[in-house]
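Asker: Residue numbers (the numbering used here), protein chains in the order written: chain A, 349 to 994; chain B, -10 to 368; chain C, 2 to 206.
There may be inaccurate statements among the hints.
Unchecked claim - Lysine-lysine pairs mimicking DSS-like chemistry, simulated, CA-CA at most 30 angstroms apart:
#1 B/29 to A/905
#2 A/720 to C/65
#3 A/675 to A/618
#4 A/936 to B/-5
#5 A/923 to C/193
#6 C/92 to A/709
#7 C/148 to A/922
#8 A/700 to C/65
As the list claims (entries may be wrong) - Away from chain A, derived, C-beta distances all over 10 angstroms, residues of chain B:
#9 29
#10 31
#11 33
#12 64
#13 119
#14 183
#15 193
#16 229
#17 243
FYI, nobody ran anything at the bench for these hints, they're computed from the structure.
Every residue, glycine too, gets a C-beta built ideally from N, C-alpha and C.
Single-letter residue listing:
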Amino acid sequence: MPNIDIDAPGSNQLFIGNEAMARGALEAGIGFASAYPGTPSSEILGSLSEIAKKRDIYVEWSVNEKVAIEAGSAASFAGIRSLVAMKMNGLNVVIDFLSTIILSGIGKKGIVVMVGDDPSAHSSSNETDSRPVAKWLDIPLVEPGDFQEAKDMMPFIYDVSEEFGTICLLRSVTRIAHARGNIKLGEIPKIKHKARFEQFLDPAAPMPTPIMCIPSPFRHMFQHMRIDKVREKFETCSFNRYVGPEKPDLLIVTAGSGWLYSQDAVNALKAEDRIGILKLGTLWPLPEKLVKSCLSRADKVLFIEETDPFLEGAVMEYAAGFSAESKRNMFYGKQTRHLNSFGELTPDAVIKAITSVLDIKYAPRDAEYMKKVGAIPQDHVMDRLLTFCPGCPHRASFWAIKDALHMDGRHGFVTGDIGCYTMALGPAGFFQTRTHQCMGAGAGLANGFGQLGRFGFDQPVVSVVGDSTFFHSIMPALVNGVHNHANFTLVILDNGATAMTGFQPHPGTELTAMGEPAAQISMENICRAIGARVEICDPFDLKNTTRTMLDLIEQEKGARVAIMRRTCELVRQKKDKKPYKMQINPDKCLGEDCGCNRLCTRIFRCPGLIWDASIGKTRIDEVICNACGVCADICPEGAITKEAVA
Amino acid sequence: MVTKTKGVGDLFKEVIDKGLCTVCGACVGDCPYMVFYRGKIRMLDLCNRTEGHCYEYCPRTFTDLDAISNRIHGMPYGGDEIGSVKRVVMARAVDSKTRSKAQYGGTVSMLLSLALDNGLIDAAILSKNTEDKLPSGFVARSSAQVLEGAGSNYMAYPALETLNRMPRDSKDRFGIVVTPCQAIALAKMVASPPEQRVNIGNVKLTVGLFCTWALSYGRFHEFIKNHVTPAKIRKFDIPPPPANRFDFYIGKDIKSFPLDEIRDYRMPTCAYCLDMTAEFTDISVGSVEGTEGWNTVIVRTQRGMEIIEDAQKKKRLEIKELPDKNLAHLREAALMKKARAVQAIVEKTGDKNDLLYLGLSDKLKDKLLAHKVTPQGGH
Amino acid sequence: MNKLAKDPINLVVAGVGGQGNVMVSLVIGNALVHEGYFVTIGETYGSSQRGGSVMSHLKISAEKQFSPLIPEGQADVVLGMEPVETLRVLKSFGNQNVITVVNPRPIHPVDFTGSGGGYPDMQSLLGQIKSLSGKTYTVNATDEALKMGNAMLANMILIGALLKSGLIPLSEDALIPVIKNMFPKAVAENTKALKAGTELVGILS
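Input sequences plus hints: build the corresponding full structure.
Answerer: Structure, rendered in structure tokens:
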């Protein structure tokens, strides 16, 4: 596959939305990009990092989103176009900064925050809609309706940012960001970036720089005025358009992935002559004149958008202002339950909403086929629960944590965090995780639980975090815990990568996003400097890891740390062969008998182990097994053996 | 079948959660789900089998004592307060080194050491104290190793775990030293031999220890640590009645505690045990009231007879008759333990027909309920 | 690029996380874009990479860009990398005309219910797949790939079999530049696997 900077203007490429946005940023002439990884936004910086050196731009995986946006803003302040990327959770982290940069304004060059929303929370702890932030904080917001727009909107929104001197938001959703489509490439400009932070050195000047958020009320008023001017520009923007008959029976107002679904649905229903679509690319401020003219085309209006009824609310709010001077529309959408305001849009949901509003009959499959579908035995399509990869160190870590907590016997529990290890709330991690909120929350909660001893609380609390999460948001919680003598154990699962989002580097790893040697930060040194006791263990050494955990959870007070260190299996297997030849001796395998009862396939549950009910023994699936060898230590009978491969 | 077998969930419900567990170790060692940790039986994962050895062999799940006694000794339970008796004697090791290391007369160490020497067994399952003075099971394969296990610290510990850990296909013949509750668990294993564990038929010699109660592994260890550095303790001793002391030997000094103070650290479950003399063994050994440096020995089986005779013949043990007065006192104390246990159980259940785990003939039950008990005494 | 008999052609690639589902849709998609078609690919991804059910939706058009998801019952071709996942996809997206290409090599689910019920009977499973498809092809891709020394080659074998099914507007030759681009270190074995796939495919009777 070509890199995103392929020098072939006019050619067609199959890019995911994130690559298209990254390409668009290159075509817009950015010189600086920063991000913290998070699905579905990670590939933006990921693809830029691959070509950063060649294109002479700076790209950084920042320690968290807040540092990313502040670093990116500095580039803008010094005259370099900059891109900041994050998922919607990251937007929450940067709200404080956003609420002040809208007052201070930006530098001479534009800055755009690309935020990836994850409707249905495919790979997230929540499915928050980012768009209300634009309305709340007065930030111009655009959202691409297809892959081409994902690229083409970038130069446009940088122009808006610079013309009006404000930071701008570009929202995309999973089905654009992570879907693939055709992209017709444009030119990447050759820019020699030159950075300088302008200051007014005259002592008589009222302020040494204009980039201040004070006096706030005055600057707040100014931001409102800017937004009104941006609205004017959006009225004629080509990313907003109406397609359909002059006077349709139904007007669909849509944006983002809803645009593609709406077209597909109209196509599937063969209702092109009955339905018109107003597709908006600039969502905030609302292009009111365009909206008003389209509302006059039809009585019935259906809103199709991901997650919250954002456009729906904004359009109805606006329409309420002129309802006296024209006929009233009938509005359909999430507020009328024609669509859900939770979960992602699907073509079927859109078809259903349209057929319901227009009373159209639609049956995708005939009754005879549906009868056969209904006859599929339930066990033929059994659920597949998510689990850790075969050979994943986390499975071993949670095995040791579980054993330690159960041996201790005081009903201790794990406060969870965000990463692959979030799956420990289910069977993958033996149901050990009992809380699951946002990044850093597990350690923060442990701080609170750790102070409840005075009220009779005697359960051991174990906060489990990943290495990247540690740098992102755990350090303040550990400082707090040590300082206030909170009673908890922090476990850092150090697999040497931000594994869940695609192995991005973090401050503890060897290379920067640019592929240059990084100053590697030692987690144990940080923890020890804070004053915490630190133990380091290899999770594949189950016995020692369990013993270490027991010793830590039995300590009576203070925040203490276990670092469970073992390279992510997906990273390891890129470099090395399988380390062992794994075998099962069926004569030794006890199966379901007393003394085992399928411990390996029923409790440990590595996907590489298969329960063969026909012979009442466990087998190894050689295609799946990564030969980590841990199950050989789990098996109580020594039936599973590992033999080192030379 | 001696017990209607259920699963681990029932074991917790009926035994462990009710405070009846003696940590004998019958349920741990060969099972990945159950472990002994810091004085408690813990479950690492849920084994959802509805029948398990853990339940089956537990001395505190329903135990038909007549059936077991018939099986081991060929007679119903309760005929004699001290169980089946072939011979009762006083004994002590001839070797003074053994005596000095041992509790009382060193008879237990000498019997096992002899069994290893004369080829009756290949390995002896014993306990020894860790550096921190916690009991831990080990396997002795020589007389020298047996001596490492001499002496007691009176704490309950899972001796049967060590047996359960032996490989299933082991050809070794074992001797084992057990408390009365452990002897009952072993007897249940003999009555219904496990298929996927070490062959119970390979246990060729069981030596029982007299026991009025055991100390709680966790709580008593805390007590020790609060008074002395455990590693400095050389030996623990409860001298025979009427001394009424618990002694810590530290270097050349002895630090004594009143036995009443130590009784606070008893396992509460011991109150529900009716076996003082480890009745389901080949040979049982205790102290001799009023006489230091000797053991009371009850020989119960033919195998017990053979080993005691061999010991006498090979001059490993010095043996003399136990005075009648002592034997009478022993019977009295054993009966008192039975009566106390049954009455304590009825007090707990509030129902004369609910004896928890005890399967007892009505005749014996009525006799024990009617027996007048005095407050609990020595060890 | 030719006008398509049906536009768009809807292809679902079904498998289990870790099998290489994304790679398969990328190979096919890139080759089609190279030939001038519009392709939209929607993927389930992320946490479902770890042992969960995964599928890719490919919409192939000579005319325009479509949305990344296929509506109920609208698949034209199903490429099943795993039998249970193939049936799962047919349940939602199948119809009486759909062409199914299936690799009958099971990937067992982790037993989270503790039932140990195991994997459904293969003959029954294939029977269901056949009854829900217009035409069903089987190809023992994993077995063949293991013979070739690398289980991952099963994916290229399956792509070869897919081409043989006739509906995807691609020739074997059209895939060679994509193979060279995506697997520069393993061109020969991937080309061999592709060819093997076109030869191994058999109709399920």
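Asker: Compare the structure with each hint and give your call.
Answerer: Here's how the hints hold up against the structure:
With a C-alpha separation of about 23 angstroms, the suggested pairing of residue 29 of chain B with residue 905 of chain A holds against the 30 angstroms cut-off. Pair hint residue 720 of chain A plus residue 65 of chain C does not hold up; C-alpha atoms about 34 angstroms apart against a cutoff of 30 angstroms. Using a Cα cut-off of 30 angstroms, the hinted pair residue 675 of chain A and residue 618 of chain A holds, with the two alpha carbons roughly 28 angstroms apart. With a C-alpha separation of about 25 angstroms, the suggested pairing of residue 936 of chain A with residue -5 of chain B holds against the 30 angstroms cut-off.
Taking the CA atoms of residue 923 of chain A and residue 193 of chain C, the gap is about 25 angstroms. The hint holds against a cut of 30 angstroms. Note on residue 92 of chain C and residue 709 of chain A: the hinted pairing holds, with a Cα-Cα distance of about 22 angstroms set against a maximum of 30 angstroms. Between the alpha carbons of residue 148 of chain C and residue 922 of chain A the distance comes to roughly 22 angstroms, so the proposed pair stays at or under 30 angstroms and holds. Proposed proximity of residue 700 of chain A and residue 65 of chain C is supported: the alpha carbons are some 23 angstroms apart, at most 30 angstroms.
Not every CB of chain A is more than 10 angstroms from the CB of residue 29 of chain B (nearest about 6 angstroms), against its label as outside the interface. The claim that residue 31 of chain B lies off the interface is violated: its Cβ sits roughly 5 angstroms from the closest Cβ of chain A, which falls inside the 10 angstroms cut-off. Consistency note on residue 33 of chain B: stated as away from chain A, yet its beta-carbon is not over 10 angstroms from all of that chain's, at 5 angstroms minimum. Every Cβ of chain A is farther than 10 angstroms from the Cβ of residue 64 of chain B; the closest lies at roughly 31 angstroms, confirming the non-interface assignment.
The Cβ of residue 119 of chain B lies farther than 10 angstroms from every Cβ of chain A, with a closest approach of about 15 angstroms, so its non-interface assignment holds. Consistency note on residue 183 of chain B: stated as away from chain A, yet its beta-carbon is not over 10 angstroms from all of that chain's, at 8 angstroms minimum. Every Cβ of chain A is farther than 10 angstroms from the Cβ of residue 193 of chain B; the closest lies at roughly 23 angstroms, confirming the non-interface assignment. Residue placement check: residue 229 of chain B keeps its beta carbon more than 10 angstroms from all beta carbons of chain A (closest about 37 angstroms).
For residue 243 of chain B, the non-interface assignment is confirmed: its Cβ lies about 32 angstroms from the closest Cβ of chain A, beyond the 10 angstroms cut-off.
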